[in-house]
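Chemist: Chains as they are written, first to last, in numbering that gives the first Met the number 0: chain A, 0 to 790; chain B, 0 to 155.
Everything labelled a hint here was simulated from the structure, so no lab data went into it. Ideal placement from N, C-alpha and C gives every residue a C-beta, glycine not left out. Don't take each hint at face value.
Claimed, not checked - Selected chain A positions facing chain B (Cβ under 7 Å, derived; list incomplete): (1) Leu21; (2) Glu132; (3) Lys184; (4) Asp255; (5) Ile370; (6) Gly372; (7) Lys402.
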Amino acid sequence: MSEIKLCKLAKNELNLLSKKMLLSLDENEMTEIQKHYQNLGREPTQIELETIAQTWSEHCKHKTFAAKIIYEENGKPEEINSLFKTFIKKATEKTNKKWLVSVFSDNAGIIEFNKEYNIAMKAETHNHPSALEPYGGANTGLGGVIRDILGVGLGAKPIANTDVFCFANPEIDSSKIPKGVLHPKRIFKGVRMGVRDYGNRIGIPTVNGAILFDDRYLGNPLVYCGTIGLIPKGMEKKEAKPNDLIVTIGGRTGRDGIHGATFSSAELDSNVPSSAVQIGNPIEEKKMMDALLKARDLKLYNAVTDCGAGGFSSAIGEMASEIGAKVHLEKAPLKYKGLLPWEIWVSEAQERMIISVPEKNLKKLFEICEIEGTEATVIGEFTDTKKLELFYEGKSVGELPMKFLHEGVPIKTLKAKWKTKETPEKIEETKDYAKTLKQLLGMPNIASKEKTIRQYDHEVQGGVVGKPLVGENQDGPADAAIVRPILDDWKGIVISNGINPLYSDLDPYWMACSAIDEALRNAICVGADFEKIAILDNFSWGNPEKENVLGELIRACKGCYDASIEFGTPYISGKDSLYNEYTNAGKTIAIPGTLLISAMGIIEDSRKKISMPFKKEGNAIYILGETFAELGGSHYAKINNTLGKNVPKVRFEKAKKMFSKLSKAMKEQNADSKVIVSAHDCSEAGIGVTIAEMCFSGNKGAEIFLEKIPLGEKIERNDVVLFSESNSRIIVEIDASKKNEFEKQMQGVAFAEIGTVTTGKALVVNGLNGKIIINEPIENLKKAWKKTLDW
Amino acid sequence: MTPNRRVEVTFSDKKLDSGGISTKNDIIEDLHIKEIDSVRTSEIYYFYSKIDEKKLAEISEKVLTDPLTQTYSLKGNAIKDFSCSVEIKLHEDVTDNVGIVAQEAVEDFLGKKLEGKIRVSRKYYFFGKITKQTAEKIAKELLANSVIETFEVEVK
């Protein structure tokens, strides 16, 4: 048993040891471990130290979100005890929704669906691995989040996947790429293939996503993967019991992915260990999944957890945290010989899960695994000793008290600062509106993602009724997806997302509020019930040990809190990926603070779904919500090479009223004779881009009048009205004969009829002074939109 | 350790090699190398077990090859007349899922376990005026990731 001598080390030597062993533990944490072993009067073994490092890693313990923070906002001091408890968990508690089944306590969040089933959702990041090996990183990112869903409660059946990526400009000159970094186009293509090959081969539809670009993602691309699962009622709780056998099911253990958990807590540089990469195998996971769900239905096990970051160490450590466990590491099936005990213990080899099985059920479990062609092996037993005991070939190699392992990590104290930014508004009005509109449509953030979406299977399992691409030629960008998981029930699940890291450069508070508003808008546009939408928060941020970076994170958390309470929309799960910074030749680049909000809602009758393309000539075009002069962080500002000043805010009261009324009207209308015929969320690049997309997706023309648009403040410039990214706005197409009915339903909300769907195949925009500022064939608009990412 | 046997599987001459076509497009569009005329791809199975040639031919035909679209070679390159080629192998300690599955299939076919493993590599044959340096650039910037893979360039 190899010992690590640390009891007598000085503080700086402890730091060096942590660095040398890739433990990613700081001085305080190392000192706490030293104290523990000094009290025991012995040195730790390597496997013990590895176990502690993994359990205490940022990835597993979310130390920043649990930390005490001394914060100063515009000179005003504040103390925050746990960002998670103060802003995320508390928001969910305050919204107090009865349809929440399980939040924050398990691998994924669960809400009610129908009489027989609940639904679960989880989103994860796999940023660091995807930077090193895009294909494998994205592959296993998806594989991992699918296992999270398999491991929620007693196991949910995965029914849909989502993916959201952030990359640097894919056309960047390769001479500008620092050593050790892959070209963003290569990362994009690799990640896309990774998601495709895992999702398609395992047979789960990929239904929703987004792709965003900013050059600060050069060294740190972001890869978010999400999965939605269906779980029978009564299966949401699990508990491993003493004397249950610890069974590993699925793939074998190899040296792949060692130190993934601790590695993800470090900033990237050009020295990369090859073992940090995991290799995925969707077919292996599919076999394991089928066996597991069969075993679940026969109630053969009492608990299940996936082996994610930290492998056995994390899975068994978590399941046994209240009881205890004995593990015989030599029993674990290996891919090849020669693994050391600690390597077996922390390996992040994929497609493995741990189940807690009463001995009497073992035979049946083995029978099922034999039929499904997957491997199940007993590697130990749960105990009541409150200790984690590790053995290799009969000899003890490590022993840790559960209390120290799970509660011993010292709470960090961090400092943070935020000062409101003053930026100038320097945007000159465009002289050629049609050209600018085409330029905006061609920006990679806005451009068609068809080439990516079409690589994913979004039909498998047969339940996807709201497709990612819609319209006459099935190429219009849908706002959200709808999945009907029970094929004899019209009830559907709506899946959408909201993300806009550009706003973080002005104020992450409004960035967070905007992301939530956008996710809700998107869900409502296809027909989700506004009263029953749950959201997930996934933060990707820079190094939180830097005061200004943490200050920005706090602003975002405050936005998350306020928006959740104001909209009555609870969080059910979330995750954070920090330290997304890349150092090259002494220069550090941090990503813009990025928050992905994933939303999961319900549509009572999916036949009432709405899509975004214009449907019929002569129908009326309405806008809901007010437009403000908010070009700060907008795409229009970006093509002017400036940041702008006024970041889009959310006027919660008005927004909530509009969302409720629109959602109610959609719910109450007749599926065969709709009042609201189409709806599209107004976001990136504002009204101009939204209406253009509705035109060319439906192969219809439109004429609109800017003077009719309800304004929240005085605006005199056409470009501000047309390209402002004000939140809480939706463009709808209303049946020409049912305008009165619609207007009656929307009483009390800011709305206006702003134009009509026309027979000509052009988009005509009349400016504030009544003069035509755009008259452009929709074919040209579509071409501009499709060209940028046509590979 | 050197493998005992090598089987290379490739698409038959007139069949569509879609991997080759998309690699060619990537070489032109992403690396701006215009000299490439076409690319063909293959998979090479390395057997670390002793198998006689007749048996190996049978395995190649019945397990590793789709007889409608593919052919195989037990001796040397399956494709001739190329200008350069790049073979990409996983590092020895990296999990090779294709190899594992191939092994399972071969063992099923033989009705017995193999004494050694099977490892799989990918090979790209370039046609056109491609020099060794260009082939290396393509390998480094497009095809192989040095974190998990190594590559070998062959000049005809």
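Chemist: Now tell me, hint by hint, if it's right for this structure.
Modeler: Hint-by-hint comparison with the structure:
no.	hint	in the structure
1	Leu21	16 Å, violated
2	Glu132	5 Å, holds
3	Lys184	6 Å, holds
4	Asp255	5 Å, holds
5	Ile370	16 Å, violated
6	Gly372	9 Å, violated
7	Lys402	36 Å, violated
Going down the numbered hints, you'll see the structure goes against 1, 5, 6 and 7, while the others check out.
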